[in-house]
Amino acid sequence: MGITENWDQLTPDEKYEERFKSFIAAEGIEFASKEAEEKYKKHAQMLKDVVELKKPERVPVAPNIGFYPAEYAGITAKEAMYDYEKLGMAWKKFSKDFDFDFLNSCAIVGSGPLYEKLDFKMYRWPGNGTNDNTPYQCVEKEYMKSDEYDKFINDPSGYFMRYYLPRIFGALEPWKKLSPFTYITELPFVGSTMIPVGLPDVQESFQKFMEAGQEALKWIQAVGEIDGETTAKMGLPSTMAGFSKAPFDNIGDTMRGTTNIMLDMYRRPEKIFEAMDAMVPMLIEMGVGAANANNNPFVMIPIHKGADSFMSRDDFMKFYWPSFEKVLLGLIEEGCVPFVFVEGSYNQRIDLIADSKLPAGKSYWLFDKTDMVEVKKHFGGKFAFGGNVPGSLLKTGTVEKVEKYVRNLIENVAGDGGYILTAGAVIDVAEPELLHAMIDAGKKYGKY
Amino acid sequence: MSEEKLINAIAEMEEEEALKEAQAMLDSGVSATDLMKSCRRAMEIVGERFADGEYFVPQLIMAGEIMTQISEMAKDELKEGEGEEEEKLGKILMGTVDGDIHDIGKGIVNFNLDVNEFKVIDLGEDVKAEEFIKAIKEHKPDIVGMSCLLTVAFDSMKNTIEAIDKAGLRDQVKIMIGGAPINDDVCEYSGADDWGKDAVEAVSIAKKWMEE
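Going down the list, the protein sequences come from chains A and B.
So that you can map any letter, position 16 of the first sequence is 16 in our numbering, and since no number is skipped, the others follow by simple counting.
So that you can map any letter, position 202 of the second sequence is 1202 in our numbering, and since no number is skipped, the others follow by simple counting.
In short, the hints are calculated from the structure, not lab data.
Model, not experiment: these values are computed from the prediction.
A hint or two may mislead.
What the hints assert, rightly or not - Chain A regions said to be covered by chain B (calculated; three or more residues, Cβ under 8 Å):
1. 133-143
2. 262-273
3. 307-313
4. 391-397
5. 421-430
Cβ coordinates follow ideal geometry from the N, Cα and C atoms, glycine included.
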């Protein structure tokens, strides 16, 4: 699965080069002006330079933005999720007014109508459980029961179809009646497998499933138009193709829940390991698929439960890192660039990551609260990094404080290249002059 | 069978062993109250190891789970509210503020306050200002703790503290805040008295205030 005819014959380094060649060439994008095209190519090249630990002409300044454009443009978070026209107005205005070096995609906002059609129960969002100005939040529950690990491990997709999806989507609840598709191997087996599909409630669920599909198409057309226009007019490449996850988080965040996976660490550790192993190839494929589809090497992986305060160093090395490292290596093998969003702080394990099997110059790590001087000490010359401007500073600080913070950050850790300036947390609220101050300071002090 | 074995099993996260010991103690005539006292001692050890950076979230959750199961075993014998009369350092009202449903951090803080002899009343998540006010009037806490994970909750904290002030209750309580994005700036912005970066700091702040 690649982007050239001879993909299987290429080495990981060649795949990496091919992906960037195609990304920087920006084929298929019809730029509004020559300037926009040149800017796009220049900024895409900046990303490549950073990943390869070189110095671009200055420190790139990237958005790490959630729902803030809604507030900025005077619409509610709910309107952003339900009214694609208002979404476009707000996100385009934001991109025009804030001079980031890369695209701030509106895809992250998601589609209220889509989730409503599915009766999505795993999240609350504005218009469905949170107030109109509060972004979506995950409702942690035991969506996979403690005795269902083997069902998942033996047949992940079948498990998702018949157990997991019926729990997280009310509209697909009848899918628990479906037979595994793997039964369909001989003529006499076809009929019995198809019977549940004919049941009235199952039929109705498929109807809703199809309507949800139509809504998803409507949504992605809107997103494509909005992001496409920004890219074409302003020449801003995106820093991410799509997502993947660390196996431990994938099970802990939205299948077992935090409490349950932590009990499982004592009660059934072997099952966690088996489930994580089953997940590794799927998570690699998920990232590679997104990179292929969007002609962008960067696969964003937000990481959660490996943080300092969540588990010990020993547990990090036992439960969290090995399977995650396999996902990272698998992505790199396919020429992708893992873009790891390191949420929380990782002061007590940054050395372990630095000393891992990951090859140098093939990944980018965005830090939240980890001590950046330590990051520089351990990651310098190995992995590109950035982040750390506190979300709170962009809401409650002053222009002087922001400027000072950015200046210190750049002076302390950006000197050797391989660095991107950006916020350490996803920005849902801010003061416009403070966000401008971050961007301006980055460009002012970031010249190499 | 011995108290020491029970305490050790809980502190070392040996779930089956701990439950077996607890049952054996009950069977041999140890009172439910004494059994729960032993569990408390074990929880204090877990709390100490957490403060020392030896234990983390999995250990707090596992210890809490063992404790819940043992309470369940002893519940017939335990009278309503028993064990509540013991001397407490102070009463703390906790809640994740309006608009935010994250509860893991708050749970850890509650655990640590509890093993450090504070009475904790948890109002849960997405707690509106009026719910804080109602609970302050009802429970008369010494301290109110507010938690959040989202940056949109900065304004919730600020508004909640303003509402407590307007209700004329601000000088009756000390207010501490916590959560991943909290720092000096947010503390000042919200109008809280202090903030802590983790569950250990929450205890030191609370202890300091109770000594004042």
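**Request:** Run the structure past the numbered hints and jot down the numbers of the failing ones, going up.
**Result:** none
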